[in-house]
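From first to last, the protein sequence lines are chains A and B.
For the first sequence, numbering that gives the first Met the number 0 puts the final residue at 406, and the numbers step up evenly by one.
For the second sequence, numbering that gives the first Met the number 0 puts the final residue at 406, and the numbers step up evenly by one.
It is worth saying that the hints were derived from the structure and are not from the lab.
Glycine included, every Cβ here is placed at the ideal spot set by N, Cα and C.
Take these hints with a grain of salt, some might be off.
[Claimed, not checked] Listed next, the stretches of chain A that the computed footprint assigns to chain B, with coverage defined by at least 3 CB atoms under 8 Å from CB atoms of chain B:
1. 15-29
2. 36-46
3. 223-233
4. 363-376
Here are the chains, one letter per residue:
Number of protein chains: 2
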Amino acid sequence: MGMRRGTNLPRMGDFNQSVILETIRRSGQGMSRIELSEATGLSAQTVTNITRRLLDEGFIEEAGRTITGPGKPRVMLRLVPHSRFSIGVHLDPSVITFVLLDLAGTPVRRRVAHTPATEPQRIVAAMAEAVGALIADAGVDRSAIAGVGVAAPGPLDAAKGTVIDPPKLDGWHRVPLRAVLAEATGLAVTLEKDTTAAAVGELWMGRGPADESFLFVYLGTGVGASLVRAGEPIPGSSRNFGEVGHIMVDPYGPRCTCGSRGCVEVVCTPQAIVEQAQRTGALPGRDDASTVEELFTDLCERADRGEAPALDALRAAARNLSVLIAALSNVLDVDRVVLGGPFWSRVSGVYLDVIPGELHGRSATRGLRAIPVDGSVVGDDVGAVGAACVVLDSVLTPRATDLYLDD
Amino acid sequence: MGMRRGTNLPRMGDFNQSVILETIRRSGQGMSRIELSEATGLSAQTVTNITRRLLDEGFIEEAGRTITGPGKPRVMLRLVPHSRFSIGVHLDPSVITFVLLDLAGTPVRRRVAHTPATEPQRIVAAMAEAVGALIADAGVDRSAIAGVGVAAPGPLDAAKGTVIDPPKLDGWHRVPLRAVLAEATGLAVTLEKDTTAAAVGELWMGRGPADESFLFVYLGTGVGASLVRAGEPIPGSSRNFGEVGHIMVDPYGPRCTCGSRGCVEVVCTPQAIVEQAQRTGALPGRDDASTVEELFTDLCERADRGEAPALDALRAAARNLSVLIAALSNVLDVDRVVLGGPFWSRVSGVYLDVIPGELHGRSATRGLRAIPVDGSVVGDDVGAVGAACVVLDSVLTPRATDLYLDD
Numbered sequence: 000m001g002m003r004r005g006t007n008l009p010r011m012g013d014f015n016q017s018v019i020l021e022t023i024r025r026s027g028q029g030m031s032r033i034e035l036s037e038a039t040g041l042s043a044q045t046v047t048n049i050t051r052r053l054l055d056e057g058f059i060e061e062a063g064r065t066i067t068g069p070g071k072p073r074v075m076l077r078l079v080p081h082s083r084f085s086i087g088v089h090l091d092p093s094v095i096t097f098v099l100l101d102l103a104g105t106p107v108r109r110r111v112a113h114t115p116a117t118e119p120q121r122i123v124a125a126m127a128e129a130v131g132a133l134i135a136d137a138g139v140d141r142s143a144i145a146g147v148g149v150a151a152p153g154p155l156d157a158a159k160g161t162v163i164d165p166p167k168l169d170g171w172h173r174v175p176l177r178a179v180l181a182e183a184t185g186l187a188v189t190l191e192k193d194t195t196a197a198a199v200g201e202l203w204m205g206r207g208p209a210d211e212s213f214l215f216v217y218l219g220t221g222v223g224a225s226l227v228r229a230g231e232p233i234p235g236s237s238r239n240f241g242e243v244g245h246i247m248v249d250p251y252g253p254r255c256t257c258g259s260r261g262c263v264e265v266v267c268t269p270q271a272i273v274e275q276a277q278r279t280g281a282l283p284g285r286d287d288a289s290t291v292e293e294l295f296t297d298l299c300e301r302a303d304r305g306e307a308p309a310l311d312a313l314r315a316a317a318r319n320l321s322v323l324i325a326a327l328s329n330v331l332d333v334d335r336v337v338l339g340g341p342f343w344s345r346v347s348g349v350y351l352d353v354i355p356g357e358l359h360g361r362s363a364t365r366g367l368r369a370i371p372v373d374g375s376v377v378g379d380d381v382g383a384v385g386a387a388c389v390v391l392d393s394v395l396t397p398r399a400t401d402l403y404l405d406d
Numbered sequence: 000m001g002m003r004r005g006t007n008l009p010r011m012g013d014f015n016q017s018v019i020l021e022t023i024r025r026s027g028q029g030m031s032r033i034e035l036s037e038a039t040g041l042s043a044q045t046v047t048n049i050t051r052r053l054l055d056e057g058f059i060e061e062a063g064r065t066i067t068g069p070g071k072p073r074v075m076l077r078l079v080p081h082s083r084f085s086i087g088v089h090l091d092p093s094v095i096t097f098v099l100l101d102l103a104g105t106p107v108r109r110r111v112a113h114t115p116a117t118e119p120q121r122i123v124a125a126m127a128e129a130v131g132a133l134i135a136d137a138g139v140d141r142s143a144i145a146g147v148g149v150a151a152p153g154p155l156d157a158a159k160g161t162v163i164d165p166p167k168l169d170g171w172h173r174v175p176l177r178a179v180l181a182e183a184t185g186l187a188v189t190l191e192k193d194t195t196a197a198a199v200g201e202l203w204m205g206r207g208p209a210d211e212s213f214l215f216v217y218l219g220t221g222v223g224a225s226l227v228r229a230g231e232p233i234p235g236s237s238r239n240f241g242e243v244g245h246i247m248v249d250p251y252g253p254r255c256t257c258g259s260r261g262c263v264e265v266v267c268t269p270q271a272i273v274e275q276a277q278r279t280g281a282l283p284g285r286d287d288a289s290t291v292e293e294l295f296t297d298l299c300e301r302a303d304r305g306e307a308p309a310l311d312a313l314r315a316a317a318r319n320l321s322v323l324i325a326a327l328s329n330v331l332d333v334d335r336v337v338l339g340g341p342f343w344s345r346v347s348g349v350y351l352d353v354i355p356g357e358l359h360g361r362s363a364t365r366g367l368r369a370i371p372v373d374g375s376v377v378g379d380d381v382g383a384v385g386a387a388c389v390v391l392d393s394v395l396t397p398r399a400t401d402l403y404l405d406d
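Same shape as in the complex, but just chain A:
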């Protein structure tokens, strides 16, 4: 932190290499050198030099020739998906999800484990064991694993790699998750907030332009938000971007521990929606045997079957969430809103019916444009997939700020 740093030739070379690799990756079917030069603005000579290096390192391969007009046929270059892999782990209060992705972002293996007790040591040991099993199952060489990304509920102390006091994970206080898991697995570990990881996953797996901007609204045990701006995830200055739990959305809602009322945390979370549904009779009264997840699934199934009180409960929840989304999109000024997270698929029908209209009515820029609202393309595993993409992203995606010389 402090002075502005310059850049130099080696930095420029690394950056352009990332640009070429990302452009090939995003092309899907591969690209010729001439197409790469047109797409990136780099000279033919630069493209030739960089692609030679990428071929030597095994990241890309030649994939036949195409004839598109007069002159020499063009050699197509495409990604070698199995040249590198990454592992994503999503730590949730109830379940831990593991995925192994290849360089193209395709999930190769997946595992799910219930979060054992709440003792940090036991959770970390179980995580390390599952990571080992995932690699063995996939038959992948450990040296091809770029690293392990862990998505965890915030707030995090990113500098120390610790999870501070994650809500609903009792017994976790300043757990040095990054260091302990790196020790237990022998792999490089990156810790990221679950919501930010989800946005990175969406950026990687989506087919939007490389420089798109969107707000990601994450529906998990808690509700969170993250931002991608001009193709870059914005993690916040302490990597804790997007703590939205105490933004007020319903002035007539229940009181909150923060002293306000109708905060997101007491109105928009699955637990809050279930409790409200029990109060209105949309769900049968208190049922201490069922988990929040089971009750929430029950509510969504009732709405799917056309039970009016259940449908009303979800519609009211969608309207409340719209107040949050409008507040966030008016502050952040984004092109698009994406909804996702582990609870998303169950409510996507009702929410996508309600939210776009509510958002437009509350948008500060409605005189200028409508803001599209989409469901995540990644699915319920977006936390784990996103965590694996965080690793791929740090290895592969060009970031202009990587050009700065080190302090």
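Using the hints, position chain B against chain A.
Chain B only, in chain A's frame:
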């Protein structure tokens, strides 16, 4: 928008030139070539080449030698403040402020005019006349004027350079302010939202590190917010970042036109604070002859004199504003909060007494750090000064994204 672009040597050269010029500007007293090399990470040869170009163009000058140890005395290089100037205009519903800044960011001339009627044509004509008078008064050559920055209330249509429907400027609808003013003055005109301009002003005039991150909370006729992240202002994807008027801060507050209650717009603005003070008796009842500005000043003076009801009214307003600031800083995850804008100086004492503690109590990262709250260093003219800084910034500040090759 679309593909990721690479970079090349000319881009790198321009970027490093901006880095050197910014480092010299921020040093105040000037720096030697060796110090520049250490500060920026650039090689001695690169620094020598770039500083020669900057000397030739008149941006910097040699300013004597210092002897700091054995070896050759070092030649100090410093900015030539009067080599370039810029003009900032702040369009407010009640008053238009004009400033002329030199390259060091020092205000050289200032003018204030009451906003005439509300007819756009008359306002633009008056603006053009005032700009001409400002340049003549200062005795500056027009060729040394880098451009005119206009700070205007949002929302803006930045692509078209139009102000859409600014609140409280009746008669303004899609006014093409940028084009009309450029035509009338013969100068390049940049249009920026008042709140974003204020943050750029703070970044330029403040003495924080070049890569600091802060939330700027703007207290004007309306309340707005802007964000500087790692030394870069974040304007939002349509340059309308920071519309906070309908974030709820008081569940027991007055109803708002948006359907909610207790929104920033009906609780935190000078008009809302004055109306509430009249309801509680902190100010004498309805007085249609006085402007909101006069009534607000009256309230602040009563609080200064120790009138308990007036002090209570401002403290309550500060607590409500704290709810907004906590919501924003929890979402945006910033290192610091800066308060400013045309109404700031009148309330700074009471607000700086109340807000830091309220914010800390509501901060999602309070287990990690305390977030400092500061008053703006720029003063009530921050809109106009900021608009002038937007021009200087576009000319002078290195932005990593400027490295990308054009589409």
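Here's how the hints hold up against the structure:
Chain B is given as covering the region 15-29 of chain A, and this holds because 5 residues of the stretch bring a CB closer than 8 Å to a CB of that chain, at least three being needed. Here's how the region 36-46 of chain A fares: 6 of its residues keep a CB closer than 8 Å to some CB of chain B, so the rule of at least three is met and the hint holds. Remark: the region 223-233 of chain A is confirmed as covered by chain B, as 5 of its residues place a Cβ nearer than 8 Å to a Cβ of that chain, reaching the required three. Evaluation of the coverage hint for the region 363-376 of chain A: fulfilled, as 5 residues show C-beta separations to chain B shorter than 8 Å, against a requirement of three.
Going through the hint list in order, the structure satisfies each hint without exception.
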